[in-house]
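Asker: Sequence:
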Amino acid sequence: MTILVPPEDLPAWVPGRILLASDGLGWNHVGLRSYHYAGQDVVVPAMRDYLLVGYRQGATPMQRRFDGRWRHEHLSAGAVSLLTRAQRAYWNWSEPIDVTHIYLSGALVAQVASEAMDCLVTDVTLADVLRTEDEVITRAIETIAAEASVRALGGAIYVESLARGLIVHLLRRYATVDTRRLTVDQGLSQQQQRRIVDFIDSHLGEDLDLETLARCLELTPCLFARRFRQSFGQPPYAYVIGRRIERAGRYLAGTDLPIKAIAAACGFTDQAHLTRLFARTRGTTPAAFRRQAG
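Residues in the sequence shown are numbered consecutively from -11, following the numbering used here.
Take these hints with a grain of salt, some might be off.
Claimed, not checked - Ranges between beta-carbon positions, derived for each pair:
(1) Q222 <-> Q178: 15 to 23 Å
(2) R270 <-> G221: 18 to 26 Å
(3) S149 <-> P3: 30 to 38 Å
(4) H261 <-> S149: 20 to 28 Å
(5) A104 <-> W58: 29 to 37 Å
(6) A47 <-> G175: 30 to 38 Å
None of these hints come from the bench; they were simulated from the model. The C-beta atom is built at its ideal place from N, Cα and C for all residues, glycine as well.
Model the full assembly from the supplied sequences, consistent with the hints where possible.
Answerer: Below, the structure written as structure tokens:
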């Protein structure tokens, strides 16, 4: 079994001086590290993530053996190399260079591919590209690097949105995708339906966004939403709201809990949120409902 190496362990195989890193910034599924490298003859191990290398300063002849074949290029500022995940490669260069690495997780790439292609993507392979001059990739790398430097508000959200756009570009131009087509009427299995209903009922007081629900069944959010709607006849969000309203009604009728506490226990933002949605679905306010039930 091949052990896949995370980005932070790469210097054990390819020593270099770190110039910039996204470590500790709370980014999800995306990482950045910039290095100054002297000339080297190294083996890059099978990486856990997809790797994009943007060349910032310096120029050097570069050789890479990937999948048994050698590639030879001259690399300088503005060029980009791509390396697919889980692929061991040999690299050789002679001159000092500064580079920026962008790491994209397999989960994020598969999720974006599934959403873009409206099917279940089982694997994505980046093409063997030692050198390309692609303004879209270069601009994305520079923007993500700038975000790692300034550490501004909402950085994790902003970077993931940039990464999603970048992945779509990679899928269009540099990737081979293995897919499994879904039948139009395929919903969740009976077991999956019971599992997601139990999960929702057990976590109504928590934040139940689409990604959290999809993760419960180990599906991408897009695939989960489509299958859920096919099985339950409504979107996941509407179903969750309905369950919250039902529980709030039982608390209102059967307990003396303050309405504010009921709102929190059922996962509403505040009492006003509960009142607004309760009135919309039940035609009366929580306070009036409680008086009528009593």
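Asker: Hints first: check each against the structure and report whether it holds.
Answerer: Structure-based check of all given hints:
1. Q222 <-> Q178: 15 to 23 Å: holds (18 Å)
2. R270 <-> G221: 18 to 26 Å: Check passed, 20 Å falls within 18 to 26 Å.
3. S149 <-> P3: 30 to 38 Å: Check passed, 33 Å falls within 30 to 38 Å.
4. H261 <-> S149: 20 to 28 Å: holds (27 Å)
5. A104 <-> W58: 29 to 37 Å: holds (33 Å)
6. A47 <-> G175: 30 to 38 Å: violated (56 Å)
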